[in-house]
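Protein chains in written order, with the numbering used here: chain A, -12 to 324; chain B, -12 to 324; chain C, -12 to 324; chain D, -12 to 324; chain E, -12 to 324; chain F, -12 to 324.
Quick caveat, the hints were computed from the structure, so don't treat them as lab data. None of these values were measured; they are calculated from a predicted model. Heads up, the beta-carbon is just placed ideally off N, CA and C, and yes, glycines get one too. One should not assume that every hint holds.
In silico DSS-like pairs for lysine-lysine, Cα to Cα no more than 30 Å straight-line [claimed, not checked]:
id, chain 1, residue 1, chain 2, residue 2
1, D, K37, C, K18
2, B, K97, A, K204
3, D, K193, F, K157
4, A, K253, B, K18
5, A, K37, E, K253
6, A, K193, B, K97
7, C, K108, E, K193
If we take Cβ atoms under 8 Å as the criterion, some of the chain A residues that face chain B in the derived model are [to be verified]:
id, residue
8, F144
9, N148
10, G170
11, P186
12, W191
13, G192
14, Y256
15, Q259
Protein chains: 6
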Amino acid sequence: MKNEMDAIVKTALIADAVPNMPWEPKPADCKEVVWRHSKNPIIDLHPMPKARSVFNSCVIPWKDHFLGVFRVDSLSMDPMLHLGTSPDGLDWSIEEEPITFISPDPALGKVTNAYDPRLCKIDDKYYITWCNSYYGATIGQAWTTDFKTFHQMENAFLPFNRNGVLFPKKINGKFAMLSRPMGLGMAVNYGDIFFSESPDLTYWGKHRIVFTRGPGKWERVKIGPGPIPIETTEGWLLLYHGVTDTCDSFVYSMGAALLDLNEPSKVLYRCQFPLMTPEKIYETAGYVGNVVFPTGVIADGDTGRLAVYYGAADTYTAVVYAHIDEIIAYVKEHAWK
Amino acid sequence: MKNEMDAIVKTALIADAVPNMPWEPKPADCKEVVWRHSKNPIIDLHPMPKARSVFNSCVIPWKDHFLGVFRVDSLSMDPMLHLGTSPDGLDWSIEEEPITFISPDPALGKVTNAYDPRLCKIDDKYYITWCNSYYGATIGQAWTTDFKTFHQMENAFLPFNRNGVLFPKKINGKFAMLSRPMGLGMAVNYGDIFFSESPDLTYWGKHRIVFTRGPGKWERVKIGPGPIPIETTEGWLLLYHGVTDTCDSFVYSMGAALLDLNEPSKVLYRCQFPLMTPEKIYETAGYVGNVVFPTGVIADGDTGRLAVYYGAADTYTAVVYAHIDEIIAYVKEHAWK
Amino acid sequence: MKNEMDAIVKTALIADAVPNMPWEPKPADCKEVVWRHSKNPIIDLHPMPKARSVFNSCVIPWKDHFLGVFRVDSLSMDPMLHLGTSPDGLDWSIEEEPITFISPDPALGKVTNAYDPRLCKIDDKYYITWCNSYYGATIGQAWTTDFKTFHQMENAFLPFNRNGVLFPKKINGKFAMLSRPMGLGMAVNYGDIFFSESPDLTYWGKHRIVFTRGPGKWERVKIGPGPIPIETTEGWLLLYHGVTDTCDSFVYSMGAALLDLNEPSKVLYRCQFPLMTPEKIYETAGYVGNVVFPTGVIADGDTGRLAVYYGAADTYTAVVYAHIDEIIAYVKEHAWK
Amino acid sequence: MKNEMDAIVKTALIADAVPNMPWEPKPADCKEVVWRHSKNPIIDLHPMPKARSVFNSCVIPWKDHFLGVFRVDSLSMDPMLHLGTSPDGLDWSIEEEPITFISPDPALGKVTNAYDPRLCKIDDKYYITWCNSYYGATIGQAWTTDFKTFHQMENAFLPFNRNGVLFPKKINGKFAMLSRPMGLGMAVNYGDIFFSESPDLTYWGKHRIVFTRGPGKWERVKIGPGPIPIETTEGWLLLYHGVTDTCDSFVYSMGAALLDLNEPSKVLYRCQFPLMTPEKIYETAGYVGNVVFPTGVIADGDTGRLAVYYGAADTYTAVVYAHIDEIIAYVKEHAWK
Amino acid sequence: MKNEMDAIVKTALIADAVPNMPWEPKPADCKEVVWRHSKNPIIDLHPMPKARSVFNSCVIPWKDHFLGVFRVDSLSMDPMLHLGTSPDGLDWSIEEEPITFISPDPALGKVTNAYDPRLCKIDDKYYITWCNSYYGATIGQAWTTDFKTFHQMENAFLPFNRNGVLFPKKINGKFAMLSRPMGLGMAVNYGDIFFSESPDLTYWGKHRIVFTRGPGKWERVKIGPGPIPIETTEGWLLLYHGVTDTCDSFVYSMGAALLDLNEPSKVLYRCQFPLMTPEKIYETAGYVGNVVFPTGVIADGDTGRLAVYYGAADTYTAVVYAHIDEIIAYVKEHAWK
Amino acid sequence: MKNEMDAIVKTALIADAVPNMPWEPKPADCKEVVWRHSKNPIIDLHPMPKARSVFNSCVIPWKDHFLGVFRVDSLSMDPMLHLGTSPDGLDWSIEEEPITFISPDPALGKVTNAYDPRLCKIDDKYYITWCNSYYGATIGQAWTTDFKTFHQMENAFLPFNRNGVLFPKKINGKFAMLSRPMGLGMAVNYGDIFFSESPDLTYWGKHRIVFTRGPGKWERVKIGPGPIPIETTEGWLLLYHGVTDTCDSFVYSMGAALLDLNEPSKVLYRCQFPLMTPEKIYETAGYVGNVVFPTGVIADGDTGRLAVYYGAADTYTAVVYAHIDEIIAYVKEHAWK
């Protein structure tokens, strides 16, 4: 790994060091910018007695190990949020019971049918956002400092919305979020990425389009933000999912774009090509075939190494690796003019 | 009219007097709580050279006459907002050109495809809200004090949303709005009424359900708030539209509910029956058959008289009359338990 | 009327005399086999305080006047069955409250969302069948002898079924019924007519197709039996509705066929053309435009005169007249070979 | 009429004189470029015993009177082509039996389900094109010289196609046709206008787009050519239908464009606004509500007067009048830039 | 196997002993109540020259070996019923030609497009029920005593119905059947389980709901009875399929419930969780991915062992094993309250 | 291979010898008429840096090696046509850049979104036809003599059309093409095979149906021609794809028919059964699961050997082998009567 790291003497990544992050060097014959963990999927079916599957989840380094908030589909296939811990970011131990939230108002109802969490540290708090059910899908919000007590907050938006992703720091003094407003139902064939800001995480406004579906075929049906945006000297690196339709169904791929650091609704570069598409059998067959759905990332500020966590086929948790500088170079080289 | 008015010595209505409001007494044989203006529709097709039709609009008393903001479908059937004036609230003169808004930010784009306006006075400003196009339908907002200069504000919500209706005063120190989040497309078969609040009309939050579709068949498909809620000693009187489906299409009726004065997401009474359904030929046949869609109201604080303006068949502007105390009594008598 | 009646010295109709039946002679310029009552619709919107509309109903002569079981859509548009009386079969007085049924088993649930009744005398009992809700639309059954006490029976079939129409006498010792099995939902685009038999009205079997949709365009989408089949020397005269689709919606017309007296699933003649299509404004515009839906008939055994009751636009009750011998001749002349 | 005609001393119209064409001067209060015949519809329901309705048809002057090829929906609602004659172009006598065609090849099958004919004189022959059924809708073709013997030709295109409209003379030595390729089914929500050419009416090619749906809302769903293009010094005047969708259904209006005389796939001017939309009850209610569908035109080369025949609500035949020079001026003034 | 069997000294199962039934003990690491046969699928693609695939079938012990009635999809993918024999219940020899039925009435038509058979012994006869085509899908019925001559009976119900499953003995003197009425088409998104009874297998009535879709997500779209209900001291054990939808398609799982012995429409316990979901590649990929569809069971009255036969991916026949007492305990422990 | 070849002393195939064609003898245990290449797929995902996948392509022998025109789905999943070369027809080298066409008219637009090419030699020219985008999918045409310069021609038809397949020689002096007209969109559920002819490849006409979907279930949804028809003494052997629907999606199989040599719209034999269905994991799972889509064939006139190239799962290129005489015998034996 030494030589490889030497080649990247300076990284554009602005992040803390995570020297113990999960990692495998790029295989010699790999010509792409991301490469799969050799033992994917890292979480198989039935990882624990009450769970059918675990996917579309989010992880962070925590002290000398790793924590995650996971989408756990129970045996009845109903999704909930569970806490997990791992010594190495690959071997996960997930709690049997879902996270319990302290509610700010009983009128918000109980947290049920909760899925696709994102986990974001801003200043000294950890924020979880997820797809929450409140008379339709919307963005649930909660915070914790110790991963023992979780404080639910107001839902960020009116339904229908999915994939609410916070930026890891305030921008121009405001909290900032990307999301994908979208209609009722599971197979809705549209959805674009918007930017919103808030003084307090309770009231949100100044909604701006970031970008819309298309123009490439791989993302012509719907798109949505993936992991927490990654700060770099070149802008916010946004990994996102893009969806196309076939005569059969949908195909979910992972794309990338660079957004302006101070005005993230301004797109600097948007890559024409996905970084990754469903190709392995654990990605093409399962509960929902042909899905790679990135939701989490660990980034090492010292080296620019990335470990991206993604849901595979709405069934498994898997990991790909990349160097952020290679991604940035690829995005810039292949950006739409 | 004298005797009739005498019968209602005290009204629950909390509003200014509008002695010159449009009015016809209830016909002797009318057994319902609302009755149609005898010369409906008050605005026919092609009321002006550049307009195909005018409907779903909102009016207010202004000095000794009346003003309105109208949905004008141009000859090409594209909707825009136009200002109108009337000496009596019935005979309207509508400006040829759409209202021009001063934009707070070019990124919001031009106001095009704007429809179904509501007009609301809060303190010393007049606010217009409407269905605005910004990468999907959402709630546009603007204010004016003189109906000459119109200041556009931020859109209230992310798409997709329709029928944003402000309350005519702050509640618990916050601006308050009802709206109907809904998906892309014209024939979406769902939609419920939500309540949101804002410190400043820019950032909105604390979204709460008011009520959902159903349970009566007439409103089982979708519902949406109608005119600005009417303040009464019994609560906010909400007139709204409810939609059912048939083996042919949709039928839009007008319903009513009373909401808590201090916590409007709390429903005090919701009437089982619509106050009015499409029955006249100008309501059952037209651009969209079977539509009565209330969007405006003039209320006389002295007498409790109401003139409700509604779009008929997405083609005409029409008026029905009612006494607010009769409506309140009817809503309470026929409320769902 | 004398001459006209003289012309038909002998009628094929097998029925009791109903000399006081509603009747208007055929207009001189009428070239069709059915002609509308001159004061249609006979039941307009809001015929009584709690009803929005009355249609798709069934009547019988009773002593010196007439009785009917009516589909009444309440103010909330929810349908129920109501009893009605009339001195002349045209001017109807309908009870405010729905018919109450004595249930054979609480597990059948309450009769709600009940519509499109048929009324049939077999031996000394009067049977009502209707579209009943029991975990889907199915055929409700009840009997009475005095129209004061109504005894509900078992539902005839599993869901989903509509338009269950009994024959007015046993055939080969068994009760006999026509019906239209069909899927869930209001706009289902298929539906054929089947024949079933029963020893006891509780258990039904020996289901046979009578005929399917098409081949004429007017009935290519779905068909369903109309009034109780009319016994004639030429076979059972079945009046039925046939439905076509347009680029807009559905059009419901009235057709006719003759079925074998002893084996009614055997079709003797099926008329290529509908006897009647929606043409008057009360048929083309309303709650559901373009609907004529025959459900009741009064037949005079002495003269062969028929008064057919039909729902118009799912909004009104209307009547057409005909001579049964003219219909039979027309059906035979224009039958599919 | 004198003065009015004087005002148009020179017309752009290139056509033979038809002094006896149907005509009514523009009403004094009419501010639009087309005005309806005062006794519309000119063909009502059941104009003849075997017909339910007649609409979407095409007429020509013939000797001292008028001939037409009519879409006749039979009593069973199946459409066929019938010949009609009229002394004045308004009072039509239509043959009971459909036109019989001499077939060039039995493999083409019988002409059934034939509709929306156009009638075009090129040199010394009269050509009929129509929507023909051959394993899907396509463009049938036939010719006659005497309107007694009709020679069917090859279908112009593969299915699925509708509204094949010939140009009234060869262009650059080739026959020329406009058409609207479109998918299977009645409610297909797309369709654009294409131009094709042929050396011999048997083999067609060099297909070019003329224009697509939109951008105005009134024509955003589908468009199709209407009557035979009208030659003028300003280009080919194309009257066409444009269709929008509402939350209920479709609305068919009449639009206009000017095409290059020598290269008709080149659009010179396309009017932003429809010339006419469904507004009268015979246009908004019927077999298919909200339809004006122009298919025929009589043009008087001496005066520039036009009588445009259109189907109303897929139920009636109706007529509007216009001056071609007014239309041309209107189209140019309101053309999309 | 000894120890394992010892652990279950007394079984709740009420059934004959089948000591030679197919069986594999539960793997040591298996934490679930059912476990797959180690050599699944037991019937692969093209098991015989004229068959593409064999699945959704039903087996019984017969003398010293096993018989089955199989759904065989022919090379053209059209399904038919075939007889099969096996020495051990795992290695099947299936007849090349479909079963021939002696018809009670030619009007019932030939048995074609027959699928998903169930095989049930009641008293001394063996009954086959299946999804039969008679102007729509309905429940075909036949009996045999020797598996050489098969007597077709009347169809049990009107269309549309699937999955007719007889109880293996009369209840309260009547034959009893579970079924799933459902609409036309392959992807219908609803379907509940009903109970019906019959004095003679010809006439059916007293239809009662057993349970409806949901509330768990895994069965929220449709449900249907699986193998013949299994009699136990705790009630009838019903294995059934439950279907959910994803943004891609459907997922079919196997659930379980206990029904009252004397009144089977009364549900004693319904398990919140499926017993089994599609997880192996032969279940997730094939003609229809993500299907486990149980239709047959062999139960050993001595030990409580079960071998459940299920169709995998509408392509293969596979087997899972279980102990009935473990299932009963699991169902009771995880029942909806 | 010797013996096997000896068995077929005389072949019905009319074609040049291709002794070096790719080939593997039929496995001993294979009971079907086609057998898969042992190392399928021959082109895997990412065969070259700019390509995601290569499939649905067409090859020919060229000098001592092989050429092909390939559908290459780029990294963005947009399809284009690329040239490829191979020494043995199995190991392919595909050019990085798409084929550039010399356009006959700029109005035809650029060739983008081009897919499913066919390659056909007629006289001394090589013709490529493909699914081209010109305001809808239609049949693009081009010719080359040296595979260096490619001359685009007029599109053969109006949209919407797919799978245009030329015959390899003129028939009755005319060029001849099979195609599948079809509607807009990817999942259209209909499509039949038509025959058209042309004097010059520019103007096409005399369109005739060849055959329609069904009657077997495997091809009941849509069908389309596959490789260039193969000339034999028994008629044109047409390999084609047939599509069925399941409750999940579509399944694409390969079928066969023999067409009259002089009048190819006349079907001599149509096989009831597909020759091949999706069964291997590379056929059942991928970008579009359950697809075998034949588009190319190499035929050896000396021996009757065939190598059929097909797209697998819209992801891979694969090959099956067959003897033409076995196919002909099979088709005739199993033909629909």
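Here's how the hints hold up against the structure:
1. For the hint pairing K37/D with K18/C, the CA-to-CA distance comes to about 11 Å; that is within 30 Å, so the pair holds.
2. Restraint check: the Cα-Cα separation between K97/B and K204/A comes to about 29 Å, which is no more than 30 Å; the hinted pair holds.
3. As the CA atoms of K193/D and K157/F are separated by approximately 21 Å, the hinted pair is consistent with the 30 Å bound.
4. Proposed proximity of K253/A and K18/B is contradicted: the alpha carbons are some 60 Å apart, above 30 Å.
5. Annotation: proposed proximity of K37/A to K253/E holds, straight-line Cα distance about 28 Å (limit 30 Å).
6. Taking the CA atoms of K193/A and K97/B, the gap is about 16 Å. The hint holds against a cut of 30 Å.
7. As the CA atoms of K108/C and K193/E are separated by approximately 23 Å, the hinted pair is consistent with the 30 Å bound.
8. Evaluation of the F144/A hint against chain B yields a held restraint, the C-beta minimum of about 6 Å falling below 8 Å.
9. Satisfaction of the interface hint for N148/A is found here, the shortest Cβ-Cβ separation to chain B being roughly 7 Å, below the 8 Å cut-off.
10. Given hint, G170/A at the interface with chain B, holds; its Cβ is 3 Å from that chain's nearest Cβ, closer than 8 Å.
11. The interface hint given for P186/A is met, as the beta carbon of that residue sits about 6 Å from the closest beta carbon of chain B, less than 8 Å.
12. A cut of 8 Å between beta carbons decides the hint on W191/A: the least distance to chain B is about 6 Å, and the hint holds.
13. At its closest, the beta carbon of G192/A sits 4 Å from a beta carbon of chain B; the interface hint therefore holds under the 8 Å criterion.
14. With 8 Å as the threshold, the beta carbon of Y256/A stays out of range of chain B, its nearest partner Cβ sitting at about 19 Å, so the hint is violated.
15. A cut of 8 Å between beta carbons decides the hint on Q259/A: the least distance to chain B is about 21 Å, and the hint is violated.
The structure is inconsistent with the numbered hints 4, 14 and 15, although it conforms to all the rest.
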